[in-house]
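Student: Given chain Z, put chain G in place with the hints provided.
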Amino acid sequence: MAAALAAVYPAAITGGAVAHGELTLHIEPDDILAVLEFFKRQQQFERLSTVTAVDRYPLEPRFEIVYHLQSVARNLRVRLKATVTAEIASATAVYAAANWYEREVFDLFGVVFSGHPDPRRIMMPDDWEGHPLRRDFPTHGFKYSYGEQQ
Amino acid sequence: MSETITEPLLHQEPEAGATRRMTLNMGPQHPSTHGVLRVVLELDGEFIEKARPEIGYLHTGIEKQCEALNWQQVITLTDRVDYLANLSNNLCYSLAVEKLLGLEVPPKAQFLRVLLAELTRINSHLVWLGTHALDLGAMTMFFLTFREREDLLRIFEMFSGQRLMTSYIRPGGLALDPPRGWEKPVRAFLEDFPSKIDEYESLLNANPIWLQRTQGIGILPVEEMLEIGITGPLIRAAGIPLDARKMTPYSSYEKFDFKVPTETGNDVFARYTVRMAEMRESLKIVRQALEGMPEGPTRAEAHRVVLPEREKMKTQMEALIYHFKIVTEGIAVPEGEVFQVVESPRGELGYYVVSDGSGKPLRVHMRTPSFGNLQGLPNLVEKRQISDSIAIMGSLDFVLGDCDR
Numbered sequence: 001m002a003a004a005l006a007a008v009y010p011a012a013i014t015g016g017a018v019a020h021g022e023l024t025l026h027i028e029p030d031d032i033l034a035v036l037e038f039f040k041r042q043q044q045f046e047r048l049s050t051v052t053a054v055d056r057y058p059l060e061p062r063f064e065i066v067y068h069l070q071s072v073a074r075n076l077r078v079r080l081k082a083t084v085t086a087e088i089a090s091a092t093a094v095y096a097a098a099n100w101y102e103r104e105v106f107d108l109f110g111v112v113f114s115g116h117p118d119p120r121r122i123m124m125p126d127d128w129e130g131h132p133l134r135r136d137f138p139t140h141g142f143k144y145s146y147g148e149q150q
Numbered sequence: 001m002s003e004t005i006t007e008p009l010l011h012q013e014p015e016a017g018a019t020r021r022m023t024l025n026m027g028p029q030h031p032s033t034h035g036v037l038r039v040v041l042e043l044d045g046e047f048i049e050k051a052r053p054e055i056g057y058l059h060t061g062i063e064k065q066c067e068a069l070n071w072q073q074v075i076t077l078t079d080r081v082d083y084l085a086n087l088s089n090n091l092c093y094s095l096a097v098e099k100l101l102g103l104e105v106p107p108k109a110q111f112l113r114v115l116l117a118e119l120t121r122i123n124s125h126l127v128w129l130g131t132h133a134l135d136l137g138a139m140t141m142f143f144l145t146f147r148e149r150e151d152l153l154r155i156f157e158m159f160s161g162q163r164l165m166t167s168y169i170r171p172g173g174l175a176l177d178p179p180r181g182w183e184k185p186v187r188a189f190l191e192d193f194p195s196k197i198d199e200y201e202s203l204l205n206a207n208p209i210w211l212q213r214t215q216g217i218g219i220l221p222v223e224e225m226l227e228i229g230i231t232g233p234l235i236r237a238a239g240i241p242l243d244a245r246k247m248t249p250y251s252s253y254e255k256f257d258f259k260v261p262t263e264t265g266n267d268v269f270a271r272y273t274v275r276m277a278e279m280r281e282s283l284k285i286v287r288q289a290l291e292g293m294p295e296g297p298t299r300a301e302a303h304r305v306v307l308p309e310r311e312k313m314k315t316q317m318e319a320l321i322y323h324f325k326i327v328t329e330g331i332a333v334p335e336g337e338v339f340q341v342v343e344s345p346r347g348e349l350g351y352y353v354v355s356d357g358s359g360k361p362l363r364v365h366m367r368t369p370s371f372g373n374l375q376g377l378p379n380l381v382e383k384r385q386i387s388d389s390i391a392i393m394g395s396l397d398f399v400l401g402d403c404d405r
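Protein sequence lines correspond, in order, to chains Z and G.
According to my numbering, the residues represented by the first sequence are 1 to 150, in order.
According to my numbering, the residues represented by the second sequence are 1 to 405, in order.
If we strip away everything but chain Z, and leave its shape as in the complex, we get (with noise of 0.2 angstroms):
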């Protein structure tokens, strides 16, 4: 399957690797559309299970952009890697899916996706400053008022 890839996109991927019986791919932040309808129109790939997010601060760039698809038909699984600083296309043109799962890593991480058709906070309150799961960001001691004094 990645060789099928490699064939079609050389220079997509990045790495990859098997680690417990699980695929895992490097994709190249820019092909990551491509890739995504790869899957899903040549590969059978009909669900994207997850797309979310892994904070490597310090390390620069720091956001790895994870996405899990499956694939019912052939009963296999796959995880793409993205890694990038901020920004990154929105797979929802691919999957569907993958709007809730990219607004709620925009509300938490503060990634960008461009393109998104419905770019709004989530879970978080609309007028929250910050991105709550960024590793810079304290789990504790953060006071929020709920708008009772304004």
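Hints listed in this document are in silico derivations from the structure and should not be mistaken for laboratory results.
Not everything, but these chain G residues come out facing chain Z in the computed CB check (under 8 angstroms): (1) I55; (2) G229; (3) I240.
Where a beta carbon is used, it is the ideal one built from N, C-alpha and C, also for glycine.
Tutor: Structure of chain G alone, referenced to chain Z:
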């Protein structure tokens, strides 16, 4: 103040032949949203033109908190993700950590995990059935299902000391050995419960109100369901046997003989039928686990990771040292990442766990079924009547704690 807001609305004359649209705020306190879901509905008469679910009212930052706790402490948080299926969450997290550690769990612990996961499924489906029927006006169901649920909660309490937040499944095995005589209440439940399912069905299957409000309601093409991320009983009611227990067996599910019930109706009624059949299949699995229960320990032999037995700790120096080190420092998990999927009562539950080799997780992401299923709500309710949306929301069986985390 109020005049300035209402005035434009009062003077808004609809165009000839057109109807005025109305925006209605459903929730976050609406009883049929089972928690704190808010749906902004745009209505044309009784029909929903547009639905926009607003979630996040129960966002408690569990994923953030996971990064601040050490590996064993996270178990207590997984309980609170989906509070109706906490053992499924315990199991999923434990399996992920065990994969990273390369730990083999003894067969008895695996069988007990399967038994508890299936009892959890029944427990969760009972809550769903009671509240779903209550939403549609069948009040008796609620009392009946909660009567049986009480038996299950007693069983969980007997195992773990807790009715809801059990934290019973831990990386490496189980928290405690099952108490003496634990088979008796489980066996009694197995004897009792099939007739109870018949009782529920006798109340609903011939009930004309129930049938009218569920049959042919909430149909969505199956391709669209896969596209939007719907899993669990909903996708199985559309004819796709998508079930992690069969597709990627975990915790020795491959040793059990059971079917994955599917339906082709794809409506609210089909989802009800699938869940009822699932309860019967779960009973089969529980019975097999009980009959074939292997002998042996319930915890893996791994000194650095799993707490030693209490008796050993009191008599052996090494055991005491390891106990002290695990409790004070936590366990070290090798660097790596795992995406572990289990079949929770609501659908595909996945834990994406990343370790950087330290005593705390670098990232714990929960791919929760409620979040994925709720995303499909607009597709399911748009162009339908408000009253149908209550039935459809009930059939989704979401838990907001599971959704918002």
